[in-house]
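Chains E and R, in that order, give the protein sequences. Following the working numbering, the numbering of the first sequence begins with 1 at its first residue and continues without gaps. Following the working numbering, the numbering of the second sequence begins with 1 at its first residue and continues without gaps.
One or more hints might be untrue.
As the list claims (entries may be wrong) - Below, computed lysine to any residue pairings styled on SDA-like, alpha-carbon distance capped at 25 Å:
no., chain 1, residue 1, chain 2, residue 2
1, R, LYS267, E, HIS26
2, E, LYS63, R, LYS570
3, E, LYS62, R, PRO186
4, R, LYS613, R, LYS519
5, E, LYS29, R, LYS570
6, E, LYS62, R, SER204
7, E, LYS63, R, GLU338
8, E, LYS63, R, PRO17
9, E, LYS62, R, TYR658
10, R, LYS9, E, ARG19
11, R, LYS140, R, ASN541
12, E, LYS63, R, ASN541
13, R, LYS151, R, MET115
14, R, LYS337, E, ASP42
15, R, LYS366, E, VAL46
16, R, LYS372, E, TRP31
17, R, LYS570, R, THR484
18, E, LYS63, R, ASN625
19, E, LYS62, R, LYS267
20, R, LYS519, R, LYS151
21, R, LYS337, E, VAL64
22, R, LYS538, R, LEU573
These are computed hints drawn from the structure, not numbers from a lab.
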Amino acid sequence: MSNTATQKVDLKPRVYRIRIQGHLSHQWKIWFDGVSIVLEDDGNTVLTSETNDQALLYGLLKKVRDLGLPLISVNCVDADHKVKPI
Amino acid sequence: MSTSILTTKIFIPPPGPKAIFRPRLTKQLSDGLHHKLTLISASAGCGKTTLLSEWIVSCHRPVAWLSLDEEHNEPTRFLMYFISSLQAINADVGVGVLNTLQSPQPPSIDSILTMLLNDISTMMKSFVFVLDDYHIIDAKPVDHILNFLIKHLPVHMHLVMATREDPPIPLARLRAKGQLTELRAPDLCFTSSEAAEFLNQVMSLNLSPEDINALEVRTEGWVAGLQLAAISLQGRKDIDSFINDFTGSHRFVLDYLLEEVLHQQSKNVTTFLLRTSILDRFCTSLCEALLSDFVINEQETLTYLESINLFLIPLDDKRQWYRYHHLFADVLRARSKEVLSHQLVELHRRASLWFAENGLSSDAIKHAFAAKDFELAAGLIEGEWPAIHRGFLQSHTFLGWVKSLPDEFIRVRPVLSTGYAWELLNIGELEAAEEKLKDAENWLNKPQKNSNEMVVEDEEEFQSLPATIAIARAYLAQALGNITDTIKHASQALSLLAVSDHISRGPASALLGLAYWSKGELEPAYKYLAEGMASLQKAGNMVFAISGTFGLADIRIMQGRLLEAISLYKETLKRVKDYGEPVLQGTAELYLGLSELYREQDDLSASIQHLEKSEQLGEQAGLPNWPYRFRLGQARLKQTLGEFDRALELLDEAEQFYYRGPLPDLQTVAGLKARLWIRQGNLNKVISWIESENLTLKDRPAVLKEFNQITLVRTYIAQYKAQFKNDQHDHTMQDVQQFIQQLLIAAKEGERAGSLIELFILQALCLQAQDEPSHAIESLQQALMLAEPESYIRIFVDEGSDMFDLLSLAESKGITPIYVRKLLCAFDSDVQENRQTIVSSVANIPNDPLSKRELKVLQLIAQGLSNREIGERLFLALDTIKGHNRRIFSKLQAKNRTEAIARAKSLDIL
Chain E
1 MSNTATQKVD LKPRVYRIRI QGHLSHQWKI WFDGVSIVLE DDGNTVLTSE TNDQALLYGL
61 LKKVRDLGLP LISVNCVDAD HKVKPI
Chain R
1 MSTSILTTKI FIPPPGPKAI FRPRLTKQLS DGLHHKLTLI SASAGCGKTT LLSEWIVSCH
61 RPVAWLSLDE EHNEPTRFLM YFISSLQAIN ADVGVGVLNT LQSPQPPSID SILTMLLNDI
121 STMMKSFVFV LDDYHIIDAK PVDHILNFLI KHLPVHMHLV MATREDPPIP LARLRAKGQL
181 TELRAPDLCF TSSEAAEFLN QVMSLNLSPE DINALEVRTE GWVAGLQLAA ISLQGRKDID
241 SFINDFTGSH RFVLDYLLEE VLHQQSKNVT TFLLRTSILD RFCTSLCEAL LSDFVINEQE
301 TLTYLESINL FLIPLDDKRQ WYRYHHLFAD VLRARSKEVL SHQLVELHRR ASLWFAENGL
361 SSDAIKHAFA AKDFELAAGL IEGEWPAIHR GFLQSHTFLG WVKSLPDEFI RVRPVLSTGY
421 AWELLNIGEL EAAEEKLKDA ENWLNKPQKN SNEMVVEDEE EFQSLPATIA IARAYLAQAL
481 GNITDTIKHA SQALSLLAVS DHISRGPASA LLGLAYWSKG ELEPAYKYLA EGMASLQKAG
541 NMVFAISGTF GLADIRIMQG RLLEAISLYK ETLKRVKDYG EPVLQGTAEL YLGLSELYRE
601 QDDLSASIQH LEKSEQLGEQ AGLPNWPYRF RLGQARLKQT LGEFDRALEL LDEAEQFYYR
661 GPLPDLQTVA GLKARLWIRQ GNLNKVISWI ESENLTLKDR PAVLKEFNQI TLVRTYIAQY
721 KAQFKNDQHD HTMQDVQQFI QQLLIAAKEG ERAGSLIELF ILQALCLQAQ DEPSHAIESL
781 QQALMLAEPE SYIRIFVDEG SDMFDLLSLA ESKGITPIYV RKLLCAFDSD VQENRQTIVS
841 SVANIPNDPL SKRELKVLQL IAQGLSNREI GERLFLALDT IKGHNRRIFS KLQAKNRTEA
901 IARAKSLDIL
């Protein structure tokens, strides 16, 4: 049934990439608990979180907001690493 | 009343010593005073609060300020603080509202807001209200309050909101109506000239235009960035290399600059900053607690930090409490997590102990959790439980704390377990509550209480635990419908409680009353419920004292004591009126109850009037169950008015609002619908309902099922009337008669005169349908005798034309003549006409024989034809037939058809 199909999709964690302007220092690793922090050459930072928990995702965005970090993009990446802009 | 307001939250932060004057923005703010609302929406560190502080100094209006915090997500806390802020500019505003808010069962938020807005509109002067940090609010109820305020904002109140994200208010509409002034990040960023003025004049840095430009580009005019840059530039010789490094770096501005700033500070100051960053607010003594192992002068350090403009914000006039700028605190905290990792637990523990010692329990609990010191947290939480009853602590805050504790820390504490159980009961988590009660009971039942294992913080609560647990057990049993256990535990609680312990005796007595009610023992039910209400009234809980009236009146109605029920409602209404504003919750129910009683007594205009009054009050002064009960009341009235379809619609609506309350449900929506279907002749629907309810004539009479059982009887009678008589049905009718008899016995035993009247009526109708008029009259007489002193009317009249005939017969026999006449007059005129009753004056009876035509009409009447049918048969107009009837009755000295036929037969005319 369609119901079980949606559940299946939800069970698979999605990969979210949050790109912000500026390089974050390593001290933020503990702050952004469970999130990988990668510095890109162009001066941006990518926070990657693998989760299917929307509340966690919004919490993460709130932390970005609270630091006044300029937000560039939020992407949801499929398991096959195709980038889906949201 | 409550002392739990933190004045630091309503303190208007003064402009810092090194603030830059920004006339282009303060002018916009001042111009915005002509509009309803000013919104300052920009990211962290854009200088929102600073700008407001500066503007307030010169805005020439009184300003109320509220710095929002996590705890303001709770609407009651939000409103308490909101009012306290207002009181800072006018001490008389909202005093009553604040008291109402802290009463045990406050009215709905909307009615409180209406009161508050009324209060505000009495304030003479125009003023400004600032809500700072609205982005912290993440709760629909508080958003609702905000929207309500904006919608109904008094003209002399101007609202300013500062936030990091746009609030959920209709911004587009406000913009379109020109009611909104907005300042956003691009407005707040420093312009080149502002940056120059700030760096060179305010911070005295003497930078070249190129340097200023470089800094401005790198920080994008971000105020916090420029401020940090200025601090780290102070006292530097190598300005050029700093600017080169900074502008050449990709690093996040804040990271880069904070490191620079900290680098320039002494080790003492750095340690101070990192350690105190774990605090939401701090004073010297608290800082000392955190730095007790360190040689540093805390007061001097604070003064120094303020002097170098390092994001230190004073929270009161006396410069006792401070906080860091939120953004700065976040960055410091991230750093301290790394640098101080192993020390953090200890620091939080010290903070917790300091807050506990200074009576600031919420902060103490918060830091105990941060220290992962659950033992400490559990003790603090246990000590806080009684605060719920004093209205100082929200139940859900308490539950949030306890749920964060690992189970083993709760289980060893009987007081905390019991408190947990109580709050779980209140939110309907019965199984979980029972488990916690068992944990507590295990400790009490142990022969030797092992003090090494059991932990008790609150000795006084521990002593009264047996009674507290007994009440909780009684509540649980009542919720589970276990009457015997409710009586057992509630009685036990009452025997354990001191006579003066009103606040605990109240619920125990009330529970006992409800249990007796469910058992059908109405007198003890009434007694204990009334005692419970009296106790709670003594304890100051007016709302319960009112809402209990509904129960008491319902009991009296079951006992057939309508007049007492009416005076109960009237007395309570008087008390409510004496109490004054705000209208207490449960008042809407009082009008509803009276409406129902007036309907029964056929005072329909009073009934409608009271129903309307209940509707007006329902929103603000109704109990949670009001929407359901109100529709039931409406449906009953519509039924009486003969609007059956509308009544059914209302019952459908009622169903959507239903939830199980503490009072027993004597009449269900489905049962009321079934009765309407019977009236409509829709028997198939009734029969399938009966099947679904498993109702049979073999059932034993039961109080809580009585309404449905009587409905079953009604169904059989209706079915019998609708079909041709045959032997098989006569057999069924015998069963029906027997069932009525059993119900009568049960109602007599339970002294439910209300039910007796209805049952005697049905017995009479049943006998009438079976052509046993003399027996029918006997039953009717029983009903009349019980009903007359209480002025019942609709219970007879709603039965329709068959009852009209029976009453006519009773009248001819001279049974309770005045009452019967009154009842007959209450029938609709069409029933009266159909049944040929002429309320004729008895004078002038000519002793004439009947004419030929009159005789023919009388013969057709005797055949049971209606006036219309007789008219059709004789090709005469309806009015002509009525004229004939009048003459027939007059000549035979009969008042109605039944009498006329009887007399004609006795005179051998027929």
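Against the structure, the hints:
1. For the proposed pair LYS267 of chain R and HIS26 of chain E, the alpha carbon gap of about 21 Å is at most 25 Å, so the pair holds.
2. Restraint check for LYS63 of chain E and LYS570 of chain R: not satisfied, since their Cα atoms lie roughly 58 Å apart, outside the 25 Å limit.
3. A hinted pair counts as satisfied when its Cα atoms are at most 25 Å apart, and LYS62 of chain E with PRO186 of chain R qualifies at roughly 21 Å.
4. Distance check on the hinted pair: LYS613 of chain R and LYS519 of chain R sit about 34 Å apart at the alpha-carbon level, beyond 25 Å; violated.
5. With a C-alpha separation of about 68 Å, the suggested pair LYS29 of chain E and LYS570 of chain R falls outside the 25 Å cut-off, and the hint is violated.
6. For the suggested pair LYS62 of chain E and SER204 of chain R, the alpha carbons sit about 36 Å apart, so the restraint of at most 25 Å is broken.
7. Taken as a hint, the LYS63 of chain E and GLU338 of chain R pair is honoured in the structure, with Cα atoms around 17 Å apart against an allowance of 25 Å.
8. Restraint check for LYS63 of chain E and PRO17 of chain R: the C-alpha separation of about 30 Å exceeds 25 Å, so the hint is violated.
9. Of the pairs offered as hints, the one joining LYS62 of chain E and TYR658 of chain R is violated, with about 39 Å between alpha carbons and a cut-off of 25 Å exceeded.
10. Taking the CA atoms of LYS9 of chain R and ARG19 of chain E, the gap is about 35 Å. The hint is violated against a cut of 25 Å.
11. Among the hinted pairs, LYS140 of chain R with ASN541 of chain R is inconsistent with the structure: their alpha-carbon atoms are about 28 Å apart, more than 25 Å.
12. For the proposed pair LYS63 of chain E and ASN541 of chain R, the alpha carbon gap of about 44 Å is over 25 Å, so the pair is violated.
13. Restraint check: the Cα-Cα separation between LYS151 of chain R and MET115 of chain R comes to about 15 Å, which is no more than 25 Å; the hinted pair holds.
14. In summary, the hint linking LYS337 of chain R to ASP42 of chain E is not supported, as the alpha carbons are separated by about 28 Å, beyond the 25 Å threshold.
15. Between LYS366 of chain R and VAL46 of chain E the alpha-carbon distance is near 32 Å, which puts this suggested pair outside the 25 Å criterion.
16. About 18 Å separates the Cα atoms of LYS372 of chain R and TRP31 of chain E, which keeps this hinted pair within 25 Å; it holds.
17. Restraint check for LYS570 of chain R and THR484 of chain R: not satisfied, since their Cα atoms lie roughly 34 Å apart, outside the 25 Å limit.
18. For the hint linking LYS63 of chain E to ASN625 of chain R, the alpha-carbon distance of about 42 Å lies beyond 25 Å, and the restraint is violated.
19. For the suggested pair LYS62 of chain E and LYS267 of chain R, the alpha carbons sit about 32 Å apart, so the restraint of at most 25 Å is broken.
20. Our distance criterion of 25 Å between C-alpha atoms is broken by LYS519 of chain R and LYS151 of chain R, whose separation comes to about 50 Å.
21. Simply put, LYS337 of chain R and VAL64 of chain E have alpha-carbon atoms about 18 Å apart, close enough for the 25 Å limit, and the pair holds.
22. Under the criterion of a C-alpha separation no larger than 25 Å, the hint pairing LYS538 of chain R with LEU573 of chain R is consistent with the structure, at around 18 Å.
Figure legend: structure checked against the earlier numbered hints; hints not met, in rising order: 2, 4, 5, 6, 8, 9, 10, 11, 12, 14, 15, 17, 18, 19, 20.
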